[in-house]
Amino acid sequence: MTPLARSRLRSTVIHLVLFIVLGFWMIPQVYMLSIGLRTPAQAFDAALFTWPVTFDNFVTVIRDNPLGGIFLNSLIVTVATVAIVVAVASLFAFACAILRLKGSLFLYTTLLTTLMVPLASMVLPLAILLKNFGWVNTYIGLILPYAALGVPFAMVILKSFLEDAPRELFEAARVDGCNAWQTYWHVALPLVRPALVFVTIWQFIVTWNEFFLALIVLTKAEMKTLTIVPMQYSGLYMANPGALFAVLTLIALPLILLYVLVQRAFVRGLLAGAVKG
Amino acid sequence: MRAEAVRAGPATAIERRPASRTSTLYLFALPATLLFVVFVAYPILWVAGQSLYIRSGSGVSSFAGLANYVTVLGDPTFWIVVRNMLLWGVITIPVQMLIGGLLAYFIERHTHALRGFFRTMFFLPVVTSVSVISLVWVQIYAPYYGIAQEYLKHVGFVMMTSPIGDPKMAIYALILVNIWQWTGFSMLMYIAGIANLPSEVLDAARVDGARGWRLAVYVIVPMLAPATKSLLLLGVIGTLQTFPIVHLMTGGGPNRASEVFGTFIFKQSFVLGDTGSGAALSVIVLVVALVLSLLQIVTLGARLTPAGKERA
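In order, the protein sequences belong to chains A and B.
Counting from 1, one number per residue, gives the positions in the first sequence under the working numbering.
Counting from 278, one number per residue, gives the positions in the second sequence under the working numbering.
Bear in mind the hints are in silico, worked out from the structure with no lab data behind them.
Quantities reported herein were computed from a predicted structural model and do not represent experimental measurements.
Don't be surprised by glycine CBs; every beta carbon is placed ideally from N, CA and C.
Please note that the accuracy of each hint is not assured.
Said to hold, decoys possible - Which chain A residues stay away from chain B? Per the calculated CB distances, all over 12 angstroms, these:
| hint | residue |
| --- | --- |
| 1 | W51 |
| 2 | F55 |
| 3 | G68 |
| 4 | Y139 |
To be verified - Beta-carbon label-pair distances, calculated as ranges:
| hint | chain 1 | residue 1 | chain 2 | residue 2 | range |
| --- | --- | --- | --- | --- | --- |
| 5 | A | L9 | B | V498 | 22 to 28 angstroms |
| 6 | A | H15 | B | E477 | 25 to 31 angstroms |
| 7 | A | Q182 | B | V548 | 51 to 57 angstroms |
| 8 | A | W181 | B | V568 | 38 to 44 angstroms |
| 9 | B | G342 | A | P190 | 54 to 60 angstroms |
Next up, chain B with everything else stripped away, as it sits in the complex:
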């Protein structure tokens, strides 16, 4: 297709030159498009295709239809993963919103000189390397010499073993680490929302007698809905790509009890070398992410970016 001059009228189009010159303007859009095609679109199409093939021991691929999907869905580990991912999202997202929102509210509305200090300190876990964080928390949870069991027994909470070594506790122990790491991000999103609340509305609410908690709950919380929706959307995508914390702290164990999509894909693809089921899993995660995201964007009008200015 030949590029043509933009016809949006003089008020909108900057460049109104002959068609031959306009085509060079497409160079502005070319690099981004190329990167997308080679490193996003092509891999997705490839993995979708590959999920339909089975590679035999001799390395020959043969078309297998949906056999890989049947295998994956029949694997009990898959359903452990689904349960863990549900727990992860359902616990992490609201708890981070709640703590992050409370921190943001008190920091923005009740501190002045120390505002920058609090904003920065609570955000530090986000910028701390996740692999460092994981190893520190392994140490915290450790039996005998970890500080969690040492200090928690003073408040009547006795831990005999490391919670990440216990199949029932492991996923919750990992979720706690994840919440700790990312709450600062929720806080910052709400800080941006609170800092930009129109002061006329707050003044009007105050004149109407809304103060303190009533002001916070009935006026501020509803007005922060855009930030909340973005956090929900980012939280769902973030949940589905969970990997480093689990890989480094439990490796999906014990006995696969804390397996998540990331570690499951990693094991199938790179440890077992089963690219067929690895590909099928990748496609499942991708489809779940796209469906959940589009659902939120359509029904809630959720936005994908923290700086919530994006227009449709």
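Isolated chain A (complex conformation):
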């Protein structure tokens, strides 16, 4: 066999293996969609695929449930959290990396410890704190704790990007008469755009899917976010798996679609971050 033929064969085999592994990997998602597409008669069949398929379940669950409102709750909490995290973390990273304020390194190290704190140990005190603030069942009651827990990660990424940016640019901005705020807005933020995109997407995923704190803070039905409603549907549609899995598919879909749309920018940010390792 010529080297070219051998390498082509190897590439084919590797692709084949990857597709087989992926096929197994996708079983849960395919199964979810497949049950959602079943008629009541097939709903309990122990098979990955059944035929024929029907969209009735999707029609039913969309008609019978306030999914739009729940989606909106998730969107409000997530977008607000992401906006706060990106703003607050970039300001702090700028203070550390560019302004080099006295004491900022100490603050940076202190804030970093947040990354080592498991949320499981924070839910009890946060629940009590939010109760005292009267923030149970409010958006702000989730947004601010999420932001506080999200800022340190974003700040680490943004700080390291800023430190790698050419300092002459910041010097030039100063010489041109920019004050610190103008330098932050017109020089620093555009320079770290890949990092901002990466941090935005990651924070969006984490916030959208957060479960533990949302479960405790949001008890009123009209405040609930998408991650915590599947439980109640599993009770509601116990005898009707087709409807349950149709609703689960709809709940999972927005973030999956969003990720597929932005994955290129996300991975680019991740690769850029590691490039000077």
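Given the coordinates of chain A, work out where chain B should sit on it, guided by the hints.
Just chain B, lined up with the frame of chain A:
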């Protein structure tokens, strides 16, 4: 304390203005600090304080020293939790690294046109809501109508009951779900590492005769050490905050066999309303996390972020 101008010299400090102007620069650091103080530091101090008090039935708190800790450590469930957490970490972390690393290696080094496709597809479980995933896996594991028992019997593996209903199997069945969900994350971390390997080193290794598996094992794996260390650190913290999968799939059962720290804290604090022992448990988890993390950072130089550029 009055803020003063930074004295790091002209090459480093951008702002060299009078002290009165410099103090406004602290506004850059203020929001992050405030969030940290109110929503991280204060709750931690509060929970540490609360762990020393016992609330009686009438709602009056009295100082109890370490009584809550003694109660918690004497609870047999606590030791089930410790065992489950050890199993969780010891199984999940290496298996995810292995599968994620293999996927990353083959995707990055042997695919071209489909690279983005594979990267995205294997990452999808990470972005799928954990509550959806949990309910789907309950269905997969279900007796009679679940697909696991149906298909596994063709390969000679007969399941009479749902593995999550069996005290001996439950924790492993949950670990499997967790591995499935998060392997894509390990893969992406290794992809970032592999994509950024310096090509001179790989070329040099190739000239020295390292190819295929030898290249992978003796050159690439050691060079991915930073990603591996980050994954280890994130894996330990992730293990300690395990909650949704267990809460939704078994609720810590059957008979508390699959209890983890998250569900145990949840039950003590919010179901039983025993804030004293809930607080003591929270402190224990926090201390374990901090000690294990700092140990790794000091001994291994592990880093907390996937984009491994952080400097000391």
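Okay, the hints, checked on the actual structure:
| no. | hint | verdict |
| --- | --- | --- |
| 1 | W51 | 16 angstroms, holds |
| 2 | F55 | 19 angstroms, holds |
| 3 | G68 | 17 angstroms, holds |
| 4 | Y139 | 15 angstroms, holds |
| 5 | A/L9 x B/V498: 22 to 28 angstroms | 25 angstroms, holds |
| 6 | A/H15 x B/E477: 25 to 31 angstroms | 28 angstroms, holds |
| 7 | A/Q182 x B/V548: 51 to 57 angstroms | 53 angstroms, holds |
| 8 | A/W181 x B/V568: 38 to 44 angstroms | 41 angstroms, holds |
| 9 | B/G342 x A/P190: 54 to 60 angstroms | 56 angstroms, holds |
The structure agrees with every numbered hint stated previously.
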